Amino acid sequence: MGTYILRRLILMVPTLIGLTLMVFLLIAMSPGGIGAALNVSSGGQMDSGTSKAQQQAYLEDRYGLDDPVLIQYVRWLGRVSPVKFGQRDQIAPTGEVVRAPKQLKTPPRYDVINDTLPEVEAPDPVVFDESMTQEEQTRAYRLASQHYTRLRADSIRTRTIYLETLGRALREIDQDKYVERTGTMKTDAPKRAVERALTESGMESEIRESLDNALSAYASAERARLELKAVFDAKPFREAGFPIIPGTLSVAAPDLGMSFSRGRPVTALIAEALPITLLLNFIAIPIIYIIAVPSGMLAATHRGSWFDVLSGGLYVALWSVPIVWACVLMLGYLANNQSGLGAFPVTGLHSIEAQDMTWLPSFNDGHFVRGFILDTLWHLCLPVAALVYTGFAVLSKQTRAAMLDNFNADYVRTAKAKGVPSRDIVLRHVFRNSLLPIITMFVSIFPAMLAGSVVVEKVFSVPGMGSLVIEAIFLRDREVLLANAFIIGVVNMLALLLADVLYALADPRISYD
Amino acid sequence: MTQAPAQTSEPKASKVNIHEPIMEVNNLAVSFDNGSGPRIQAVDGVQMSVYPRQTLAVVGESGCGKSVTSMSSMQLIPRPPGRFDRGRIDYRLENGKLVNLLELSEKEMRSIRGNEIAMIFQEPMTSLNPVYTVGDQIIEAITLHQPVSTKQAWDIAVEAMDAVGIPDPNGRMKAYPHQFSGGMRQRVMIAMALACQPRLLLADEPTTALDVTIQAQILELIQELKQTRDMAVILITHDLGVVAENSDVVCVMYAGRVVEYANVYDLFDNPRHPYTRGLLASIPKIGSRHDRLVTIDEVVKNPEEFKKLPGADKGITPWWPWNDAPKDLAARNEPAGDYCLHKIADDHWVGCWRTEALKDDNSPPPELEFRCADQKQ
Amino acid sequence: MPETQDTTRSLNPEAVTGVQLAQGIGHQPAKGFWGEAWSQVMKRPGALFGLTWISIIAFFAIFAPFLASGHPLIMSELDEAGNVVSTTYPLFAQLKATDVLLILGLIAAVPFFILPLGIDRSTRIAVAVVVSLQAMLASLIATAIRGYVTGRDVSDTIREMEQATWFPWAASLTCVAIAVLLLFWLVPLNRGFLRFGTSALVGAVVAVVIAMTWSVPLESFNYRQREAAGEISAVYTLIPLSPQQGDTVLDLAPPKSNLLAPAIKRLERSSTLRQKDTEGNRVPLSDIPLTPELLDSAISEIQAVDRLLPVHVTEFTTALRADFDSGQLENAKDLIDWINAQQLPTFVIGTDSLGQDVLSQMLHACRLSISIGLVSTGLAVLIGVTVGALMGYFGGWVDLLLYRVVEIFMAIPVLFLLIVAAAVLPRNTYVMMIIIGCVTWTGSARFVRAEFYKLRNQDFVQSAKAVGLPLRSILFKHMLPNGVTPVLVDSSFAIAAAILAEAVLSFLGLGPANQASWGRLLSDATNQVGDFVWWLAIFPGAAIFLTVLAYNLIGEALRDAIDPKLKKARV
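Chains as they are written, first to last, in the working numbering: chain A, 61 to 573; chain B, 3 to 379; chain C, 73 to 643.
Source of the hints: derived by calculation from the structure; they are not laboratory data.
None of these values were measured; they are calculated from a predicted model.
Heads up, some of the hints might be wrong.
Unchecked claim - Quick list of simulated restraints, FRET-style, between CB atoms: (1) Ala377(A) to Val601(C): 30 to 38 angstroms; (2) Leu394(A) to Asn554(C): 44 to 52 angstroms; (3) Asn599(C) to Pro80(B): 20 to 28 angstroms; (4) Ala377(A) to Ser287(C): 44 to 52 angstroms; (5) Val601(C) to Arg363(A): 47 to 55 angstroms.
Every residue, glycine too, gets a C-beta built ideally from N, C-alpha and C.
From just these sequences and the hints, can you work out the full model?
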């Protein structure tokens, strides 16, 4: 069994890679690409006088969006992978993962115009004094980092101006196909085109000047980068994970990146949201099983009775109720004060006053105080109700079908011929064998519930994974979306594995060894 | 440890009068619902009886009603769609009292099933519950009917497994059915059936799914247990070889009715009904040369064959559903009223049309106490 | 001997033996596999309800443009004296290619299925399916082309080309050629000329329709103003409002109110009608006397919505004043009733937050619901069966590789993928169908894989291989019919699930743009402020529920009819 579980865990890796790649490509396929939302919610070190193209270039550089999609994905994968190559990352006290500054981009096709890159002198290595406190080390890193960020922004700005100049020059000589819609030259334009732009457009001096600016900005930015690298190499922060081969291979917790829109580590966001979603599901799933399995059994043993017919009809009807409708109706008629009963809270997971409550219910001056736990449960009533009702139908029908299937089995006839009372036949023989499909149903119920919580959490404003996903989608927050896909995939596949293990325990015929 | 079952079996056997039939099937009719169409009459007017220490073989092609008859005596026919239309199955309890198995309540029936009458089915592969060990399943049968502790039940179960020739019974008790071969599973089924010392064993094609050597072993085992325990056996089969080897009395069925009923020597030597003759003629015999075998059809489609019965001149004609009824049919106004099981000679019954000649034939179910073992002595 | 036979029969008339069955007594004529299943389905009241409801929805899906439209059926231009100058038919001018093709298809289908053409029923059904597929594919390509050439960042050459008169014809011919060529070999007619003829005829019709409706005139609903100004007179359809036709002042008008709803809303907000008695309860409207001041404010509110009305506003104000003077109106309730009783276009079940008629939107949304369910499930089954067949038949590394893909879809909730895909891809109906189809195919793939895995070692497949049949024939002609029945039966549930998925996506604001949808209407029922609009919750929600229920009931009945286990349990 141990080897089987290990094999399944290893097989999860390609599936997770495929899954996140699919989500990544989907986001990349969107009009405007991954960075579309960034343009709206920009922010950073650029002056207000900069052009849109420069701003975009800055943002693309900041989030690594100017590389091909697959390279971006591989970079993401490298961050998530627990096995890491090269220099180890460091973890700042805020929880942010700090890694060595990445290579700076040279102005494209500079070699056509200007043969050499300006020389950049390497700074002396930095060594922190033993006496320096953590705060001082952090400050040193922050200073170097801010300096580099500023110069890098400058470098990107001049680089974009250079590209814009080239773009204008190319338009001048009717080579529009090498010009982006933003007016800059395409970075993969052939050398010949650049040469022609230089010689034929009559803008040679302008181009050379912009390139000179770009190159000098590049040089000072590169110098700042090396300085920052030197500080980083002195390890101002705690290093992440532990080394296998020092300097080349290490193992560390997956880094899910920083949310574009919230500016916080995604890990922290998920750590807040996932327990809520799991809580919803772990309240809902037992309820489904407790109600649906006995009613399915009863329907099977009393096949054709009024209970069978009625419960069958009721469950098909419940199954057909769109979850969005159920949510809206409950909100309108049970929770809303004006149009409905107002018996349940409309939104959220806690009342505002719940922060001051004790955990358990209590009496205070003769007033009943719910306490934190009851308050939470009260808030969960409607979301859980919205989650469970479809599950009843699926599970109850499956139980009934499995039981009926087994009623026809030969071993039931044997048991009858032995003189086993019919109650024992149902419970000991038929139900025991019907457990298998009931366990299998978990495989389809669990993902459906995870998906259902997206809608439920949205409607009832429960701050779980579903709300996180919806928000991330509307903000095109790549990091949050990918991390969500990744985490939901992991949770889901662990649940499927659990179902398979239970299956083997329930059925002696199945052995995974 | 080995003494326990022997002690329980002694008093059972001693009380029994082996000269009284243990079970009598009288005019049984069972039909099944068929959705929109008319009901399907599976058996109609079936009569037979079986004595202790006797093997009654019920023979016929598939769908002739053999299994329905045996399942009816255990009330294992699912109702609905099944329905007992008529007739009775009388079973003689240990104290000599007769009960009608068709009218027992579910609770009374439970004390009969497994305890008085045990049954072996033809699919050993699926007849055991896959999720319990075979030990569990045998012990379940024992504790249901005998006031014994689980420990004692374990010993009885091991003894039963040993009796049917399962090697290492103690160890195999903890194995699951899928860990046994087909033949071993059928042995487990027999062990389970015999664990409670039943007085009647219904073996519904117990060897059909097994290969020939295993088949012989299983049948030999049943024969042996029958002798040692004064048990009656109803052996349902379509294999005439099995019948010749293992049975004392043979009941040939066709289309839900008995067409011939006689002891095994009589039937094989002197078959009276054309269908039986066709059946026997279609078996190749070792030691005699045939250009080609006679088919059943060749016999039953020959009108001359139906005139060979003693009393044919009086209008006694073998019943055959494919033939038109004789002109002098004196059918009674009741189901299966056009048919009667007529005693054609001593200890030999043939299913005939109820013609004028047999108008008043109200012969009781055939009672034929005949055991091959007695003959040999 | 008939006599004796009769006695035999009459002896036990309610039961027969196997021999009698074989002799033909009590024998029932056998129906085909699907015929038998169908007759069982038709016995279930639930399934009958489902079929009826879906027929109703399908009817609205086809005829919605003719039942609910803000464009007049007939519009007569009037001169100053009120004489008819010319007559036009704006509704027909506004029809889209799909509208026309659906109607034409329906008209053609009736004689095609009734007339004795010498072809059997299954062929007719197959021809109808293929023909509709061709038409659909052609209009899909046409939509894609139109979307491309009218896109924002298209080059000037293409833009010029698009303006040319020949362009629609060339484009539509291209679409049809592609569609017909793709599906030509599917037309199940053996006779060459019929096969060619059907395809060519349908292709030609589709091409003409697409070309004629290539450029859709801009929708503008200024008919009412022009009517009020006396420029035109117009005859409208049953519901004289288009789904997209709305005015923000008409937002959330309750059921049974009319174009004057904003006036009522404003009046009800005024302090005169919100009086409270000494105990703090609202004074009922019937107790508030209709004073001349109240009348004046009512008249000024009516005049404020002047621009919405198809007649000159003074007609109402003078009539109101006349009725007030004659003493028919005594209190505020009478006033409200009077306004609601005016002969004006009425919002039978209210309006949404954009002031658009709910009923009209719901009728137009039928087409989205029906087509999303059918097309996306069709696509899912097509992909699923093909991939599943390949996996099951070949096994080995093909299976290993493709099954990883299937596993990816198992590892993540389908709805999550749907939401991501719908959020980032263009918001249009076809894209949504493709998304749903591409995300939900794994169920049938897994099923067909398991079936084919069993089938491929069976003798009939081995013998088909031994005879040297080509792979396509082995897979699709010999194995598929044996393994695909349960997938087809379950597709009824898949359709229901697709409709639910569409509703959820539209509810989340990720549905097709500019398209009436039940889910989108439902999302208007609640808002962040906590208002609850009951008519937006009840009607669209019930429509989704009933449609999903209908498909689920049909699916249940079909599955019960076909499931061999349940059959076994009967005897």
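Please test the hint of 44 to 52 angstroms on the beta carbon pair from alanine 377(A) and serine 287(C). 46 angstroms, holds
Pairwise beta carbon distance, valine 601(C) to arginine 363(A), judged against the given window 47 to 55 angstroms: Cβ of valine 601(C) to Cβ of arginine 363(A): about 51 angstroms, so the range 47 to 55 angstroms holds.
The hint says 20 to 28 angstroms between asparagine 599(C) and proline 80(B); measuring C-beta to C-beta, is that right? 58 angstroms, violated
Verdict for alanine 377(A), valine 601(C) (Cβ pair) under range 30 to 38 angstroms: 32 angstroms, holds
Is it true that leucine 394(A) and asparagine 554(C) lie within 44 to 52 angstroms of each other by Cβ? Since leucine 394(A) and asparagine 554(C) have Cβ atoms about 50 angstroms apart, the given range 44 to 52 angstroms holds.
Taken one by one, the earlier hints fail for this structure only at number 3.
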